[in-house]
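Fit chain B to the given chain V structure using the hints.
So you can see what is in the structure, the chains are spelled out below.
There are 2 protein chains.
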Amino acid sequence: MFLGIEIGGTKLQIGLGSGDGALVARWRGMVNPAAGSAGIQEQIAQALPELLARSGIARGQLRGVGVGFGGPTDDATQSVIKSHHIAGWDGFPLARWMSQLVGVPAVICNDADVAGLAEACYGAGRGFSPLFYITVGSGIGGGLIIDGQIYRGVGRGAGEVGHLRPVYPSQAPGPILEFWASGWGIAQRAQAAEHHGADVTAIRTAGSGAITGKAVADAASHGDPTARQILDEAIQALAEGICSVIKLLCPRRVIIGGGVSLIGEELFFAPLRRYVEERGFAAFAGLTEIVPAALGEDVVVHGAIAYARQKLGG
Amino acid sequence: MFLGIEIGGTKLQIGLGSGDGALVARWRGMVNPAAGSAGIQEQIAQALPELLARSGIARGQLRGVGVGFGGPTDDATQSVIKSHHIAGWDGFPLARWMSQLVGVPAVICNDADVAGLAEACYGAGRGFSPLFYITVGSGIGGGLIIDGQIYRGVGRGAGEVGHLRPVYPSQAPGPILEFWASGWGIAQRAQAAEHHGADVTAIRTAGSGAITGKAVADAASHGDPTARQILDEAIQALAEGICSVIKLLCPRRVIIGGGVSLIGEELFFAPLRRYVEERGFAAFAGLTEIVPAALGEDVVVHGAIAYARQKLGG
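Chains V and B, in that order, are what the protein sequence lines are.
Note that the first sequence covers residues 2 to 315 in this note's numbering.
Note that the second sequence covers residues 2 to 315 in this note's numbering.
In isolation and in its complexed conformation, chain V is listed as follows (with noise of 0.2 Å):
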């Protein structure tokens, strides 16, 4: 039996799994950003008892704990590298921490990177290799997965498809892809056509007077021009980043999550599908399958189980 632990800059989920597939038992909170990254450790130690007591399971049946963190970390060192949300972990000990409170093993790992392992493993993955996983959600993260394994590069992490940007010649870089497409991204631009006099009414709407991208995403499916425009534009960003990732490494399969990615089907996946069909190198078309996650919000405790798995023996 073994912990997965999401730790991301919102969500903080837990699940108690064999590796098979299935959570015996999850536990799911919501981060204080403002009590940094001692209030995420606190609220750790506090829902652990919690979640074991509930589930029947002794701590002696645990064999390791695996931690989906959501930013960049170091395997030689075990220990976050960065957080872009959370003030207090750059440069924490995490598995060494987290392995000290559980009385256990413990791994850490980017939580795209595991997020990948576990659709690779579980989800929609499953037979494929290699595999580049991609979650767009307010950030953009992602992970190559080769045989199951996770590719990390030197050690510190890899697959950071959110960050990349234009290559041409400039003095100043431009704006990575993150800024085009993610969820952050999307509600940025409709923010700043509002600004520049466009009728972002339907959005507001949607959104109960807030922009955000969720109601980007809603205004568009009710056909608003303005939010399909912002749709439109973030989906061709994000077509040029896939076609990045295939020119240098033509998976099998791209499997795409996040939540914007829930806005499905016709106004994400097609238009997604068509713009890297129209766009990609050539003698390498039709290969890459460009398919929706599997296994929605638990994709990275899934994966940091899979991880601890791995890692920790089974």
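Bear in mind the hints are in silico, worked out from the structure with no lab data behind them.
What you were told as hints is all true, and nothing was included just to trick you.
Pairs involving identical chains hold if they fit within one copy or between any two copies, as the list cannot separate such chains.
Simulated crosslink set (DMTMM-like; lysine to aspartate or glutamate; CA at most 20 Å straight-line):
no., residue 1, residue 2
1, 12, 43
2, 215, 200
3, 83, 279
4, 83, 278
5, 12, 51
6, 312, 75
7, 215, 298
8, 12, 298
9, 12, 91
Leaving out everything else, chain B in the frame of chain V:
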């Protein structure tokens, strides 16, 4: 003993070696593009007996043939997918033809992929993994080498860094990296500059009247401002391409070969490293070394031999 054959758009080379990093004999020719693939096949059929006779190696001593082809190749069918330069290659079962010609098993692969393998085995990548090799010549190609093995994605190639394009929203995709940073692209930019009224006297002088990538490099090394600006823009674009590679793959080393890289440390590698450092993903800063290739003009031949030895047994 293995034969290694490089089939490019301009170069045709054959080498003989055991896969220990040294060549027993070599043959070098130029491709006649007007004669198409049939012309190249004839050149090979004539050169081979001559090379074997000259080296004193009997056909019976040959274990296999490796071919590094200047275009995308298919692993499963061992045939050429496409040649952008020479007519007649598309879909050609090159390994089968070669095997029939020589009478021993043959394997083919993309030239930049086997060049990367050669640098991994005998050159600037020895002892480092993962590696990303980039050749910046008349075109731009690349290859990813993980633990001494070429990464081929789903089996038709990968590492096509020269085809990376701007990641941003647009109805019309922007130009690929080759447009800015290849020898061909650099020459094109200089011709465009002349067309727009720039003073290209120094470039034409350096090229004995012609505007070529080499002439731009030579004029830049003599301080010509037009040439310096064109070269600087090429290096900016290449730096963004390398930043994309690092974000997705975080290799231990990026190894750069090809004619353009011969511009050298001061005018090419130093500004390239500076741009990559300034523009890179902060969490991966300082992890990837950018180094010149070590194997020079024989790199594809060495790689073809190494590939044949891996695939056909040593």
